[in-house]
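One-letter residues, chain by chain:
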Amino acid sequence: AQSVTQLDSQVPVFEEAPVELRCNYSSSVSVYLFWYVQYPNQGLQLLLKYLSGSTLVESINGFEAEFNKSQTSFHLRKPSVHISDTAEYFCAVSDLRDSSYKLIFGSGTRLLVRP
Amino acid sequence: DAMVIQNPRYQVTQFGKPVTLSCSQTLNHNVMYWYQQKSSQAPKLLFHYYDKDFNNEADTPDNFQSRRPNTSFCFLDIRSPGLGDAAMYLCATSREGGVNEQFFGPGTRLTVL
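From first to last, the protein sequence lines stand for chains W and R.
Residue numbers for the first sequence, in the numbering used here: 708 to 822.
Residue numbers for the second sequence, in the numbering used here: 440 to 552.
I should point out that these hints are in silico values taken from the structure, not numbers from a laboratory.
Keep in mind the model is a prediction, meaning the values are calculated, not measured.
A virtual CB, placed ideally from N, CA and C, is assigned to each residue, including glycine.
Honestly, I wouldn't trust all of these hints.
As the list claims (entries may be wrong) - Counterexamples of contact, computed for chain W against chain R with all Cβ distances above 12 Å:
(1) PRO725
(2) SER734
(3) LEU763
(4) GLY769
(5) GLU773
(6) ASN775
(7) GLN778
(8) SER780
(9) ARG784
(10) HIS789
(11) ASP792
(12) THR793
(13) GLU795
(14) GLY813
(15) SER814
(16) PRO822
Stated by the list, open to error - Part of the chain W face toward chain R, derived, beta carbon under 8 Å:
(17) SER716
(18) PHE721
(19) GLY750
(20) LEU751
(21) LEU753
(22) LYS809
(23) LEU810
Stated by the list, open to error - Here are the in silico distance ranges between beta carbons for each label pair:
(24) W:ILE790 with R:TYR449: 23 to 31 Å
(25) W:GLU723 with R:SER519: 33 to 41 Å
(26) R:TYR449 with W:ARG784: 33 to 41 Å
(27) W:GLN778 with R:ASN446: 38 to 46 Å
(28) W:VAL736 with R:LEU552: 39 to 47 Å
(29) R:ASN494 with W:GLU723: 41 to 49 Å
(30) W:THR712 with R:PHE512: 30 to 38 Å
(31) R:ASP501 with W:GLU771: 37 to 45 Å
(32) R:ASN446 with W:PRO719: 29 to 37 Å
(33) W:SER761 with R:ASN539: 17 to 25 Å
(34) W:ARG784 with R:GLY455: 29 to 37 Å
Generate coordinates for the entire structure from the input sequences, incorporating the hints supplied.
This is the structure in structure tokens:
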């Protein structure tokens with residue numbers, strides 16, 4: 708069964724510094740990959756997704772993630788973070804062998820941006 | 440705005456007292472999901488509906504049931520809540536399932552006394 712590992716439970720960073728949130732998944736068979744963000748007391752919102760094509764995907768607010776099949780990784784990066792980026796970030800995978808296309812989530816990484 | 444609504448946002452119940460959580464959507468999506476999210480853990484899928492077809496996860500306890508009377512509404516029933524059922528419960532919807540984005544509600548935080 709698929710699993711997703713987010714090694715960092717919390718990442719503190721200063722405002723305007725770069726950040727990388729790590730995500731690894733267990734199987735290199737065909738998968739779809741997602742990053743969701745959860746702000747305090749809110750539901751999850753899709754940040755970006757990889758389905759096929761270019762391995763580098765971008766979001767509208769400056770985040771990007773790169774699909775690396777050989778390393779089974781989908782790390783999330785941002786070159787310069789803002790206070791408003793403080794939130795919980797979840798990596799998720801959907802296994803194409805599963806006809807329900809359900810999402811398997813990692814345990815999340817709390818990004819804490821300090822002034 | 441089209442959205443996923445969960446009521447109530449906070450629910451307190453007593454050990455063993457049945458409780459129902461509600462989810463409604465204005466997106467007209469045919470797939471609805473219920474997730475359980477415990478503190479500092481990943482959301483865990485309990486079950487989902489594809490239209491009226493109910494799909495239960497193998498490890499979802501029998502204590503958890505669901506109803507979907509129509510496209511817009513889906514309910515999570517916990518028949519006899521235990522202390523271990525205290526969690527955030529998230530409802531999500533998607534169009535046709537598959538690779539389409541899942542839209543999440545704000546969640547209901549359940550406390551069991």
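Evaluation of the provided hints:
Distance check for W:PRO725 against chain R: the nearest CB is about 25 Å away, which clears 12 Å, and the non-interface claim stands. Listed as outside the interface, W:SER734 is consistent with that label: its C-beta sits roughly 17 Å from the nearest C-beta of chain R, beyond the 12 Å cut-off. Annotated as non-interface, W:LEU763 keeps its C-beta farther than 12 Å from every C-beta of chain R; the closest such distance is 18 Å. Non-interface status of W:GLY769 relative to chain R is upheld: no Cβ of that chain comes within 12 Å, the nearest being about 19 Å off.
The claim that W:GLU773 lies off the interface holds: its Cβ sits roughly 19 Å from the closest Cβ of chain R, which is beyond the 12 Å cut-off. Every beta carbon of chain R lies more than 12 Å from that of W:ASN775, the smallest distance being close to 20 Å; the non-interface claim holds. The beta carbon of W:GLN778 sits about 21 Å from the closest Cβ of chain R, which is more than 12 Å, so the claim that it is off the interface holds. Even its closest Cβ contact with chain R, about 17 Å, leaves W:SER780 beyond 12 Å, as expected for a residue assigned away from the interface.
At roughly 21 Å, the least C-beta separation between W:ARG784 and chain R is larger than 12 Å, which holds for a residue marked as non-interface. Listed as a non-interface residue, W:HIS789 keeps its Cβ farther than 12 Å from every Cβ of chain R; the least gap is roughly 23 Å. No Cβ of chain R comes within 12 Å of the Cβ of W:ASP792; the nearest lies about 19 Å off, and the non-interface call holds. The beta carbon of W:THR793 is kept farther than 12 Å from every beta carbon of chain R, the shortest such distance being approximately 16 Å.
The Cβ of W:GLU795 sits about 9 Å from the closest Cβ of chain R, inside the 12 Å cut-off, so the non-interface label is violated. With a closest Cβ-Cβ approach of about 6 Å to chain R, W:GLY813 is found to fall inside the 12 Å limit, against its non-interface label. Residue-level check failed: W:SER814 sits 5 Å from the nearest beta carbon of chain R, not beyond 12 Å. W:PRO822, annotated as away from the interface, keeps every beta carbon of chain R farther than 12 Å; the closest lies near 25 Å.
Hint on W:SER716 holds. Least Cβ distance to chain R is approximately 7 Å, under the 8 Å limit. Among the interface hints, the one on W:PHE721 is violated; its C-beta lies about 24 Å from the nearest C-beta in chain R, farther than the 8 Å criterion. Checking W:GLY750 against chain R: minimum C-beta separation of about 3 Å stays under 8 Å; hint holds. The beta carbon of W:LEU751 is positioned within 8 Å of a beta carbon in chain R (closest approach about 4 Å), and the interface hint is therefore held.
At about 5 Å, the closest approach between the beta carbon of W:LEU753 and any beta carbon in chain R falls short of 8 Å, and the interface hint on this residue holds. About 5 Å separates the beta-carbon of W:LYS809 from the nearest beta-carbon of chain R, less than 8 Å, and the hint is met. For W:LEU810, the interface hint holds, the least distance from its beta-carbon to any beta-carbon of chain R being 7 Å, beneath 8 Å. Distance hint for W:ILE790 and R:TYR449: a CB-CB separation of about 27 Å, consistent with the stated range 23 to 31 Å.
About 51 Å separates the C-beta atoms of W:GLU723 and R:SER519, a value inconsistent with the hinted range of 33 to 41 Å. R:TYR449 and W:ARG784 have their C-beta atoms about 35 Å apart, which keeps the hinted 33 to 41 Å range intact. For the pair W:GLN778 and R:ASN446, the beta carbons lie near 43 Å from each other, so the given range of 38 to 46 Å is met. Separated by about 45 Å at the C-beta atoms, W:VAL736 and R:LEU552 satisfy the suggested range of 39 to 47 Å.
A hinted range of 41 to 49 Å holds for the C-beta pair R:ASN494 and W:GLU723, which are about 45 Å apart. For the pair W:THR712 and R:PHE512, the beta carbons lie near 36 Å from each other, so the given range of 30 to 38 Å is met. About 43 Å separates the C-beta atoms of R:ASP501 and W:GLU771, a value consistent with the hinted range of 37 to 45 Å. A hinted range of 29 to 37 Å holds for the C-beta pair R:ASN446 and W:PRO719, which are about 35 Å apart.
For the hinted restraint 17 to 25 Å between W:SER761 and R:ASN539, the CB-CB distance of approximately 20 Å keeps it satisfied. Between W:ARG784 and R:GLY455 the beta carbon distance is about 47 Å. The supplied range of 29 to 37 Å is therefore violated.
When held up to the earlier numbered hints, the structure conflicts with 13, 14, 15, 18, 25 and 34 and fits the remainder.
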